[in-house]
Amino acid sequence: MTRYIARRIVLAIGVVAGVVILTFLIARIVPGDPAVSWAGPHAPPSQFAQVRRELGLDRPMVVQIIKYFEGVLTGHWGTSIHTHQPVLSDLSNAAPASLELVLAALLFAIAVGVPMGLISAARPGRLVDHTIRVGSIFGVSMPIFWMALIFQLLFFQKLHLLPVTGRYDPNVAFAHPLHAYTGMAVIDSLLSGNWPMLESSLSHLVLPALVVAAYPAGVIARMVRATVLDTLGETHVQMVRALGFSERTVFARFAMKLAWSPVAAVIALVFAYSLVNTFLVESIFNWPGLGSYAAASIGSLDTPAITGVTLLIALVYVFANLIVDVVQAILDPRIRLG
Amino acid sequence: MTDTAILAPSRLAVVRGHLRGNPLLLVGGIVATAIVLIALLAPLLAPYPADAVSATHPLSVLLPPSMSHWFGTDQVGRDILSRVLYGARVSPLIAVFVILISCVIGIPLGLAAGYFGGVIDEVIMRVTDVFLAFPALLLALAFAAVLPPSLTSTTLAIAIAWWPWYTRLLRGQAASVAGRPYVESCRTLGISRRRIIFRHILPNAITPLIVEISLDVGGVILTAAALSFLGLGAQDPTPDWGLMVSEGQSYFMTQWWLVTFPGLAILITALAFNLLGDGLRDVLDPKRVVKLL
Amino acid sequence: MSLLEISDLRIRFGARPVVEMDRLEVDRAQVVGLAGESGSGKSMTTLAILGLAGTVGAHVEGSIQLDGQQLVDLPQRAMRDIRGRRVAIIFQSPAMAFNPVFRVGRVFLQALKLHGTQSQSDAEERAAAALRSVFLSPDLLHRYPSQLSGGQLQRISIAIALALRCDLLIADEPTSALDVTVQGDVLELLRGLRDQKEMGILFISHDLAVVAELCDHVAIMRAGRVVEAGPTDRVMAQPQDAYTRELLAAVPRIVVTGANS
Chain A
1 MTRYIARRIV
11 LAIGVVAGVV
21 ILTFLIARIV
31 PGDPAVSWAG
41 PHAPPSQFAQ
51 VRRELGLDRP
61 MVVQIIKYFE
71 GVLTGHWGTS
81 IHTHQPVLSD
91 LSNAAPASLE
101 LVLAALLFAI
111 AVGVPMGLIS
121 AARPGRLVDH
131 TIRVGSIFGV
141 SMPIFWMALI
151 FQLLFFQKLH
161 LLPVTGRYDP
171 NVAFAHPLHA
181 YTGMAVIDSL
191 LSGNWPMLES
201 SLSHLVLPAL
211 VVAAYPAGVI
221 ARMVRATVLD
231 TLGETHVQMV
241 RALGFSERTV
251 FARFAMKLAW
261 SPVAAVIALV
271 FAYSLVNTFL
281 VESIFNWPGL
291 GSYAAASIGS
301 LDTPAITGVT
311 LLIALVYVFA
321 NLIVDVVQAI
331 LDPRIRLG
Chain B
339 MTDTAILAPS
349 RLAVVRGHLR
359 GNPLLLVGGI
369 VATAIVLIAL
379 LAPLLAPYPA
389 DAVSATHPLS
399 VLLPPSMSHW
409 FGTDQVGRDI
419 LSRVLYGARV
429 SPLIAVFVIL
439 ISCVIGIPLG
449 LAAGYFGGVI
459 DEVIMRVTDV
469 FLAFPALLLA
479 LAFAAVLPPS
489 LTSTTLAIAI
499 AWWPWYTRLL
509 RGQAASVAGR
519 PYVESCRTLG
529 ISRRRIIFRH
539 ILPNAITPLI
549 VEISLDVGGV
559 ILTAAALSFL
569 GLGAQDPTPD
579 WGLMVSEGQS
589 YFMTQWWLVT
599 FPGLAILITA
609 LAFNLLGDGL
619 RDVLDPKRVV
629 KLL
Chain C
632 MSLLEISDLR
642 IRFGARPVVE
652 MDRLEVDRAQ
662 VVGLAGESGS
672 GKSMTTLAIL
682 GLAGTVGAHV
692 EGSIQLDGQQ
702 LVDLPQRAMR
712 DIRGRRVAII
722 FQSPAMAFNP
732 VFRVGRVFLQ
742 ALKLHGTQSQ
752 SDAEERAAAA
762 LRSVFLSPDL
772 LHRYPSQLSG
782 GQLQRISIAI
792 ALALRCDLLI
802 ADEPTSALDV
812 TVQGDVLELL
822 RGLRDQKEMG
832 ILFISHDLAV
842 VAELCDHVAI
852 MRAGRVVEAG
862 PTDRVMAQPQ
872 DAYTRELLAA
882 VPRIVVTGAN
892 S
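Protein chains in written order, with my numbering: chain A, 1 to 338; chain B, 339 to 631; chain C, 632 to 892.
Worth flagging that the hints you see were computed from the coordinates, not collected in a lab. Incorrect hints may appear among the rest.
Chain B stretches covered by chain A per the calculated footprint, using a threshold of three residues with CB under 8 Å from any CB of chain A [unchecked claim]: (1) 501–509; (2) 602–611.
What the simulated footprint calls covered on chain A by chain C, stretch by stretch (three residues with Cβ under 8 Å from a Cβ of chain C suffice, anywhere in the stretch; the number is not a length) [stated by the list, open to error]: (3) 159–173; (4) 198–205.
Some chain C residues close to chain A (C-beta under 8 Å, calculated; not the full set) [unchecked claim]: (5) 644; (6) 715; (7) 720; (8) 722; (9) 728; (10) 730; (11) 732; (12) 738; (13) 740; (14) 742; (15) 744; (16) 746; (17) 749; (18) 771; (19) 772; (20) 828.
The beta carbon of each residue, even a glycine, is placed where N, CA and C say it ideally should be.
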């Protein structure tokens, strides 16, 4: 078991090194002189040489890569051009909001996707199966920036049901200041018993989370359906049927345990993909997370910030996959013993 | 009475059986074909073809849907229906080029890795792993963000994110065939490597490749739309759906038609190709678990 | 009255017939072989006996009687009493027959408790005793299927049938996936079930040599029909049907040449 984990960690470290190098290369292919964009359009040319030296752009490529590595490992991820703050501190300010959004979305997605997948697998070929399958393909085909706008229009403009900007009502926040334990409004309100803030932050969370949940819900439903159907056809399921267990027990006790495996397999992927999807919806909902930061950076061609966000999410993805690998090894003895 | 009580059903009956049992494939196929037709016939179908190019009509800005403008007009007075119809040319075109480039890069790499094995395999697969360590949209975004915004940049950026999938697929195919005993005997008989690759490996790999491509089209279309929405893709006045949604954002609350119709077009297109891909997968390669994006 | 009596059994997929069996009988303390090529309908017959033909989408008509009780169209609830209590099955691929994420003992003990064993310790004792009868150590119950060999898993399947005290055992190609050396052990155990426990065994196989060794009676199946049936000695020595003769001719015989005879 430990050997398996050790092997996985070593592989992950190798991938991380490659990720850092690739991110560096992406930043370097910006056409034009980075020194110029850093110094600004009004700076005199004499400053460029100085800026170039400051940014280390006059060194050979290999040295630049090593310096970049050093920077990444020591927490110096550059300075954002549009906020003038260190990128890493921008990221850590923005991260909790996105984390909250993605976690809420994944909760929705699992709560909807798993049962749908199971129902679909329990009645293959029937109308309910076809409906659920179309529904999941819908979720996977949805352009979520459009879904966000439509939801805004429907739920806010037309129906006046739910708020659509920000993480909570600023008036409520003023009257009942929220102590920041985790940076996630819902959890913080729960922890401090701040009910008005809890209500405000929850109601603001619903729409964005639903929008981000569309894609993972579709993926999870399809994975669960496919895996359970595969499992139900296997000999060991016939065996327990032949031993006299009812179909319900066969499904619930023996087949369902294998339904969690595809969810586990896919959770790292949908987590990272949802993080990236926030780029498309956060600005629309005025949600101050990584997505808004990234969208603003893209809009202002803020290369250090873009690089920083890319690097962060890639690292999160590698890490998440590592965790999933370990969890799967725990759940499925074949992996760690094989 | 015939010799065997069980007769094998004919090929055609098998296909018909699949179609009947797979209404999704049918629907997906029909809509996808319709979209391709629309793209080809756009100049004939669009009521105001010039609006899709450079025409502006300052006197008819932001008109709601009506008999003369089924989808209304946008912020510079262009007919949205015409622009949506012409937009059908943009997305599938991007998809075609992305997949083409990804295949050109990915297939030879995958073949080499799977067939030669050893160090070549290790090196290629490690590089592939690094690219795959990024969510596809993220990698495409990062590249598109640092390149000057245009259709070409978008296509290139998405292709850079997409080629690893094909490398992985082809490597698996090549490795499994290369390991078979009959390939060994081919080698001892002196048959050249190239023949083995072209005569034995590639034909087997075609079917999974087709399945993979068909499952990818929808994803590429969505990725391209996302990049355009962020301003990284085609620029005005190109009638790109993502761009149209982005441009319509500021007017959206009161002039809902600016955003609704282009976005609906994206949804329907992605849906159609995803249904088609799923259906093809069911028919050609049912063992395969869903493709994840 | 035989333990198992099948008459006029018709199984079809939609409109396509897969089995048309006029007659098949298995008695207590008897091994009846059902021999034939792959695809001849042997496995479908076993599913029909267990009432599981519906799980693969097949439709069953005709008569399958267990000690006089009609099994065809029996409601699922009553059928579940029969499965595991009166009829047991062992599968061709022992590695696939056990759920990979559970320890082997888990299904074993749960099956025992399903069919009447009251306490956990009683169940464990019965399982342990059954494993000993198949010459396996009871602590194999704590292993995962991936940790055991095909032969061991197959013997555990037999042990389950033993512990549940079934009357009829359906053995679906039980030795096809095993090494020749292990095959002998399994066949020996099956003989023990017939002689000491007086079980009736329906032995499915495509391997006529194995059938000849173990079975008292044999029925040859081809394309869903029984083309010949009778005592094994007679069928092997004087095959009436052309197909039977073909099958027999295909069995390789080891001819001892002069140098060693």
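Hints versus structure:
Counting residues of the segment 501–509 of chain B whose beta carbon lies closer than 8 Å to any beta carbon of chain A gives 0, which falls short of the minimum of three for the stated coverage. Check on the segment 602–611 of chain B: 5 of its residues sit with their Cβ under 8 Å from a Cβ of chain A, so the three-residue criterion for coverage holds. With a cut-off of 8 Å between beta carbons, the segment 159–173 of chain A has 0 residues touching chain C; three or more are needed, and the interface restraint is violated. For a cut-off of 8 Å, the count of residues in the segment 198–205 of chain A with a CB near a CB of chain C stands at 0, and the three-residue condition is violated.
With a least beta-carbon distance of about 14 Å to chain A, the hint placing residue 644 (chain C) at the interface is violated under the 8 Å criterion. Using the Cβ-Cβ criterion of 8 Å, the hint placing residue 715 (chain C) at the interface with chain A is satisfied: the shortest such distance is roughly 3 Å. Given hint, residue 720 (chain C) at the interface with chain A, holds; its Cβ is 5 Å from that chain's nearest Cβ, closer than 8 Å. A cut of 8 Å between beta carbons decides the hint on residue 722 (chain C): the least distance to chain A is about 6 Å, and the hint holds.
Interface hint at residue 728 (chain C): satisfied, since its Cβ lies 5 Å from the closest Cβ of chain A, which is below the 8 Å cut-off. Checking residue 730 (chain C) against chain A by beta carbon gives a least distance of about 4 Å; that is within 8 Å, so the hint holds. Given hint, residue 732 (chain C) at the interface with chain A, holds; its Cβ is 6 Å from that chain's nearest Cβ, closer than 8 Å. Here the hint on residue 738 (chain C) is kept, as its CB sits about 6 Å from the closest CB of chain A, short of 8 Å.
Against a cut-off of 8 Å between C-beta atoms, the interface hint on residue 740 (chain C) is violated, since the closest Cβ of chain A lies about 11 Å away. A least Cβ separation of about 4 Å between residue 742 (chain C) and chain A falls short of the 8 Å threshold, and the interface hint therefore holds. Hint status for residue 744 (chain C) relative to chain A: violated, with the closest Cβ pair at about 11 Å, above 8 Å. Given the 8 Å rule on beta carbons, the hint for residue 746 (chain C) holds: about 6 Å separates it from the nearest Cβ of chain A.
Hint status for residue 749 (chain C) relative to chain A: violated, with the closest Cβ pair at about 17 Å, above 8 Å. Interface restraint check for residue 771 (chain C): the shortest CB-CB distance to chain A comes to about 15 Å, outside 8 Å, so the restraint is violated. The beta carbon of residue 772 (chain C) comes no nearer than 15 Å to any beta carbon in chain A, farther than 8 Å, and the hint placing it at the interface is violated. With a cut of 8 Å, the hint placing residue 828 (chain C) at the interface with chain A is violated, because the nearest CB-to-CB distance is about 18 Å.
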